[in-house]
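Everything in the sequence shown is counted per full-length UniProt numbering, starting at 1 for the first residue and increasing by one.
Everything labelled a hint here was simulated from the structure, so no lab data went into it.
Among these hints, one or two may not hold up.
Stated by the list, open to error - Per label pair, the in silico range of CB-to-CB distance:
| hint | residue 1 | residue 2 | range |
| --- | --- | --- | --- |
| 1 | S65 | M42 | 40 to 48 Å |
| 2 | S65 | G21 | 16 to 24 Å |
| 3 | A9 | L77 | 13 to 21 Å |
| 4 | T49 | V26 | 34 to 42 Å |
| 5 | G60 | V26 | 29 to 37 Å |
| 6 | T49 | Q75 | 18 to 26 Å |
| 7 | G40 | A16 | 25 to 33 Å |
| 8 | R79 | G10 | 37 to 45 Å |
| 9 | A9 | I63 | 15 to 23 Å |
| 10 | L14 | I67 | 33 to 41 Å |
Cβ coordinates follow ideal geometry from the N, Cα and C atoms, glycine included.
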Amino acid sequence: MKQTLGGMAGRIALFAQGKFGKVFNVYAPEIVLTEIIRKGHMLYVSLPTMGKDTAALNLGKMIVSDIRSAVAYIQDLPRAKARAFHRTSG
């Protein structure tokens with residue numbers, strides 16, 4: 001178990017340092033998933049597949065997990081706050 005958790009910490013540390021760390025800076029985020037979802041915007045994430053296939057797979061899993069957490073957060077909001085945009089037919 002120690003080996004598994006130690007390996008997990010190492011993989012997570014990869015995303016906190018270097019180029020990944022610059023993109024995923026949690027102290028000053030450029031992207032707020034809850035706002036993207038509430039406003040009906042779209043987010044495109046390009047995964048680094050060349051030479052970092054394992055990192056790309058793990059990064060994709062983390063992003064999907066973050067999206068699930070953002071959706072769960074929005075579902076817990078009062079209905080009036082959950083939808084911040086209006087659709088118009090036309």
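Here is how each hint holds up against the structure:
1. S65 <-> M42: 40 to 48 Å: Given about 19 Å between the Cβ atoms, the range is violated.
2. S65 <-> G21: 16 to 24 Å: Distance hint for S65, G21 holds at roughly 18 Å.
3. A9 <-> L77: 13 to 21 Å: Hint violated: Cβ distance 33 Å, outside 13 to 21 Å.
4. T49 <-> V26: 34 to 42 Å: Cβ of T49 to Cβ of V26: about 24 Å, so the range 34 to 42 Å is violated.
5. G60 <-> V26: 29 to 37 Å: Roughly 18 Å apart at Cβ, these two residues miss the hinted range, so it is violated.
6. T49 <-> Q75: 18 to 26 Å: For T49 and Q75 the Cβ distance comes to about 32 Å; the hint is violated.
7. G40 <-> A16: 25 to 33 Å: This hint holds: roughly 31 Å between Cβ atoms.
8. R79 <-> G10: 37 to 45 Å: holds (43 Å)
9. A9 <-> I63: 15 to 23 Å: The hinted range 15 to 23 Å holds for A9 and I63, with Cβ atoms some 19 Å apart.
10. L14 <-> I67: 33 to 41 Å: With a Cβ separation near 20 Å, L14 and I67 fall outside 33 to 41 Å, so the hint is violated.
Going through the hint list in order, the structure does not satisfy hints 1, 3, 4, 5, 6, 10.
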